[in-house]
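Chemist: Chains as they are written, first to last, in our numbering: chain A, 532 to 879; chain B, 2 to 276; chain C, 76 to 496; chain D, 3 to 104.
Hints listed in this document are in silico derivations from the structure and should not be mistaken for laboratory results.
Every value quoted in this text rests on a predicted model; they were computed, and no experiment measured them.
You may find that some hints are simply not true.
Claimed, not checked - List of simulated lysine-lysine pairs, BS3-like, C-alpha gap at most 25 Å:
no., chain 1, residue 1, chain 2, residue 2
1, B, K120, B, K160
2, A, K600, D, K50
3, C, K105, C, K177
4, D, K90, A, K860
Here's the letter readout for the chains.
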Amino acid sequence: MSEDKRKNDIDEGQDDGTTKESRRDFLKKMGVAAAVTTVAPAATAATTKAASIAEHLQTHFEMMSDSQKEAAIARLEKRYSEQFEKQVTVANTPAPDEVLFGYALNISKCIGCRRCVEACVRENNQSRDPAIQWIRVLQMERGNDTFELENWHKGSPSSSRIGDYGVQSGGHADKAVGISGHTDHYYEPEQVPEENAFYFPVQCQQCEDPACVRACPVQATYRDPNGIVVIDYNWCIGCRMCQLACPYWARRFNWSEPALPNEEMNPKTHYLGNRPRMRGVMEKCTFCLQRVRDGRYPACVEACPVGARKFGNLLDPESEVRKILATKKVFRFKEDFNTEPKFFYYMD
Amino acid sequence: MISPKKYVRATVFYGFFAVVTSGLVLQDMPSQATTPEDKSGAKECYESIKGATELVKKDNVVPKYGYPNVKCSPTTGAVLWYGDPYDDTEPMGDMPTFGDHTDGDFAQAVIRTRTKHLKTIIQNGTKCSGCHPAADATTQKNDPRELMMHQDIVSNATKLQHGRGAIWCFDCHNAANRDTLVDHKGQEISLNEPYKLCGSCHGVTYSEWRMGLHGKRTGEWRVGGKKRWWTCTECHNPHTVQEHRFQPIAPELPPALPRGMTKDDFKGASGHGGH
Amino acid sequence: MTTTTQCASPAQKPIAFARDFCIYAVKGGKVYYSWLLFLSFFVLVGLVTTYIQMTTGLIVTGATDQIIWELFVSNFIHCPSIASAAVLVVTPAYIYKRKDMKQLAVIGEAIAMVFVIIGFNFIFFHMGRPDRFWHTIPGIGIFNFPSSVLTYDIIVLNVYLVLNAVAVFYYLYKHYVDQPLNTKFYTPLIWFAVAWGPFIHIITAFILSSNAQMAVWHSALMPFSFLAMAAAAGPALVIVTLLVIRKFTKLEVADSVIDFFSQVIIWGVGLLILMFAVEFFTELYPATHHAAPLEYAIKGHNGMKPYTPWFWGVMTVFVVQFLLLCNSKIRKSYNFLLPLICISVFLSVLIEKPSVLIFPAFSPTPLGEYAVYHPTLIEICNVLFIWATGFMLLTMILKGVVGVLVGDVRDSDVAVEGGAK
Amino acid sequence: MAEKQMESVSTQKERNEVVADKRGFLRLAGATLGVVVAACWTGLAITKSAQKVEGANTRAHSVDEELRQQQIMAGKKMVVMTQEEKQKMLDRILRNHYRTVS
Chain A
532 MSEDKRKNDI DEGQDDGTTK ESRRDFLKKM GVAAAVTTVA PAATAATTKA
582 ASIAEHLQTH FEMMSDSQKE AAIARLEKRY SEQFEKQVTV ANTPAPDEVL
632 FGYALNISKC IGCRRCVEAC VRENNQSRDP AIQWIRVLQM ERGNDTFELE
682 NWHKGSPSSS RIGDYGVQSG GHADKAVGIS GHTDHYYEPE QVPEENAFYF
732 PVQCQQCEDP ACVRACPVQA TYRDPNGIVV IDYNWCIGCR MCQLACPYWA
782 RRFNWSEPAL PNEEMNPKTH YLGNRPRMRG VMEKCTFCLQ RVRDGRYPAC
832 VEACPVGARK FGNLLDPESE VRKILATKKV FRFKEDFNTE PKFFYYMD
Chain B
2 MISPKKYVRA TVFYGFFAVV TSGLVLQDMP SQATTPEDKS GAKECYESIK
52 GATELVKKDN VVPKYGYPNV KCSPTTGAVL WYGDPYDDTE PMGDMPTFGD
102 HTDGDFAQAV IRTRTKHLKT IIQNGTKCSG CHPAADATTQ KNDPRELMMH
152 QDIVSNATKL QHGRGAIWCF DCHNAANRDT LVDHKGQEIS LNEPYKLCGS
202 CHGVTYSEWR MGLHGKRTGE WRVGGKKRWW TCTECHNPHT VQEHRFQPIA
252 PELPPALPRG MTKDDFKGAS GHGGH
Chain C
76 MTTTTQCASP AQKPIAFARD FCIYAVKGGK VYYSWLLFLS FFVLVGLVTT
126 YIQMTTGLIV TGATDQIIWE LFVSNFIHCP SIASAAVLVV TPAYIYKRKD
176 MKQLAVIGEA IAMVFVIIGF NFIFFHMGRP DRFWHTIPGI GIFNFPSSVL
226 TYDIIVLNVY LVLNAVAVFY YLYKHYVDQP LNTKFYTPLI WFAVAWGPFI
276 HIITAFILSS NAQMAVWHSA LMPFSFLAMA AAAGPALVIV TLLVIRKFTK
326 LEVADSVIDF FSQVIIWGVG LLILMFAVEF FTELYPATHH AAPLEYAIKG
376 HNGMKPYTPW FWGVMTVFVV QFLLLCNSKI RKSYNFLLPL ICISVFLSVL
426 IEKPSVLIFP AFSPTPLGEY AVYHPTLIEI CNVLFIWATG FMLLTMILKG
476 VVGVLVGDVR DSDVAVEGGA K
Chain D
3 MAEKQMESVS TQKERNEVVA DKRGFLRLAG ATLGVVVAAC WTGLAITKSA
53 QKVEGANTRA HSVDEELRQQ QIMAGKKMVV MTQEEKQKML DRILRNHYRT
103 VS
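Based on the sequences and whatever the hints tell you, model everything.
Modeler: Okay, structure coming up:
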């Protein structure tokens, strides 16, 4: 398939899409036209320079006027389209009303296949080298042996069914039961699930009272109206205070210019979501902001082969997550940090 | 007091050392990040059960969201990403209710038709009834014995684990019409709608599936939005489900170790966490 | 009195002061130039490595997502230590009214000023996007004031920098033009700076201890142990500086001053050892998960013991220093043993930061990983670059300060007047 | 030379210390008030810039101190919630959400 054909297809795909703002479309096309047609190199260099200066001087995304936002997005689209040699769209889809996103994960189903990790990397344009991954899957020993004397110091034993997963039921514990066992991040068996192991994926828990937001000195990271903690990558100063504050190890730093192959780059992006990041800024899971604001499930939910991941609107009592909260055995990871995560782990 | 010559000489000397040190430092720099090749060229990958749920990557389809219809993992060949979650699906149709379960939202529910993807059918090029004509209908309903065929599906038919040995092929497969399934009431059920059969025994799971608590769905997150519901047999193989709920699969590659550390360093290095 | 050849108008006097001060600061003898040349070597190398870091990103350092703080932060924490120690020079002079230290207070303030600047340099190197520094400036940027601890630190350090710079240059200028100090302005300023000094280190400690998830830092003792470190390392640097000044310049420094500071070091090191002991007991006796990083530092984890030699080394050095300083003969050895011990105190407090306080604290990570920090050559060169530029600045400013104090830098009117007398 | 100057400084200082009349006190009080007002103004200006990104400081209105304390005391890591706890948690999250959004 020739490059031109593919471009055309992409354009058609765009037209089929639900993009409403025709003016932005026009701007986009202009940008691509400028990128494709070879303008005098000096002039291009000058405009690039001007654009990069304008990008440096732009203010916080939440404080921009609509026209400033449009200009910022047009600038980014032009730059990305040139860099990745395909038409890249940077959306600014607004947050839907009356929605608070929640996530539920069934640890008795998870088989530790790491497809969510892989899908997340592809969807969200994470750097391939050095590799950045927003989801970390932990392999743990099942908690059956909590009854044995030598393991008592690891925590109070509990009912055997829940104890299988090292999770205590009801009340409170002097010490954690679950995570007291051996945890492995780098397990690499031929096939999963392994005997006597359970898997515990951890990603951003989208806390209602996030420690990272509190720690950021410039409010580059903040809670969006749907309860997702987002980052304005162009406002982040790279001080890593948020990374230090996060008890879930959910934030990743771009230690170098992220390497992202052109073919693998996902061209459908959102300003606060998966647009390619730059060197020296923080990034993290946004529940695939670019997808969920369009109504789609996050990529990890769609990739999970066992249906362990559930996602929905916490304000809607009919949603899957609310039903899970109502009927299942639910716990939250490190609840004692009082960050009020909206990421729930549950068991059958 | 100051002899300039001496200091010029010293400066040259130090400058030389500075250059040498800079050279050393440059050598210490991390190698330039190389862009890995795109290995996701695989045309075919599987969804949940390898060998049963193959999916073909289409080049010419440009759906509403994203570009190819699927993206596959270069390491395991598993589907990672759906450009179009409703690709190759059709409406689910009516949904039987057992008992007084609350209605799930299945107004816009779609499912993928199983018959198109069943390996046995595709390989033989005919339907099941092509090899098993209706004449076989005389076969006893509960008659465990060695099978001459389909040993790849059930290796030892005398010890069929599903139902803990209490049931036999024809408790689910329709002896009268091999292209369909049958429930215990003799009701004929399409191979595309296995939930109608499974639900007749696994009632609780079935109701949870209807509510969205069990099983996988792709599409829109809104209640009432268009969703692809994954049917029972897309995740579970009913013939081996007693041994393992899900077919074991190869995991994706582990994350990169922290820079400067090797696997040997990490033997037992990850340990007590979560405080 | 006599006719003045070049009588500057009052408005030009500050400019003349700045000019005279700078000219005096860059002129010097053999030793002076050799020292500057020595430092310039690190500056030259550092310029290259700085360029590499600024264009490549922080990947050139050894930091990873597991251990996110590099040597820059570890060294930064040392800077408020020294800076807040200026209090220990000013307090005896102005509050206890010690005559022999009255003139030396300004040297302490100059050290404080320079070390705040060095601290800012370290933070600049620590930032992933130093070009976006302006985002933190109130007015054009956003200041997440009530909730972010880092903003408090920015305020506290900036105020301290301004207070000390004003105090130093006001004092020197008044000395330059030979006018009496306006005590109504100067005394409250000094008192305010003295009160402010401990804050900079307390709030730096809060940056660490405010992180609930960093279990081993989650300790109320941290600000106090930081102050003890300040009391140990600050006077150590002051003693070395004063001994150097005494040896190479005309400025008189009484033995009693040196003795006073060596006493302060004994107290500082002693309290530090006590606080370490208290903290280790509190962590290790109950042996909860809070102790995991400390245990990792002390004895390693599953055969991985990268910090163990550093930990035991630093602790031993602390105790040895304390015992040595208790001997009055050693304290009186101004030309050899005392400066040696002072340099060792300075370095041991500096080395304690990365190898005991910072790096082991990141293991286990919130998800239970144990990692080792490997500093890179580029990172070390950058650290040396910042120290070298800092010490260069310190040397030049102190040179000027001493020049003013001994009367080499003088307003020409006063100089002529003095000459006539 | 330097000693002489020091002397002049100290004599000046002594003279200043003697002056402690009513006007001096008033001036001092005025100056103190000025400093306090300036500090307050600066503080307010800084805090104002912090409120620029709306809803970012959820800390300010995350309530239920009692529950928070209980949770900290309980030290819960991976402990299954009871129905009541679940309900309370959901209430808390939703209330905080509505407060932040409105």
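Chemist: Indicate, hint by hint, whether the structure satisfies it.
Modeler: Verification of the supplied hints:
Restraint check for K120 of chain B and K160 of chain B: satisfied, since their Cα atoms lie roughly 23 Å apart, inside the 25 Å limit. A C-alpha spacing of about 23 Å is found between K600 of chain A and K50 of chain D, which places the hinted pair at or below 25 Å, so the restraint holds. At roughly 30 Å between alpha-carbon atoms, K105 of chain C and K177 of chain C are farther apart than 25 Å, so this suggested pair is violated. Distance check on the hinted pair: K90 of chain D and K860 of chain A sit about 15 Å apart at the alpha-carbon level, within 25 Å; holds.
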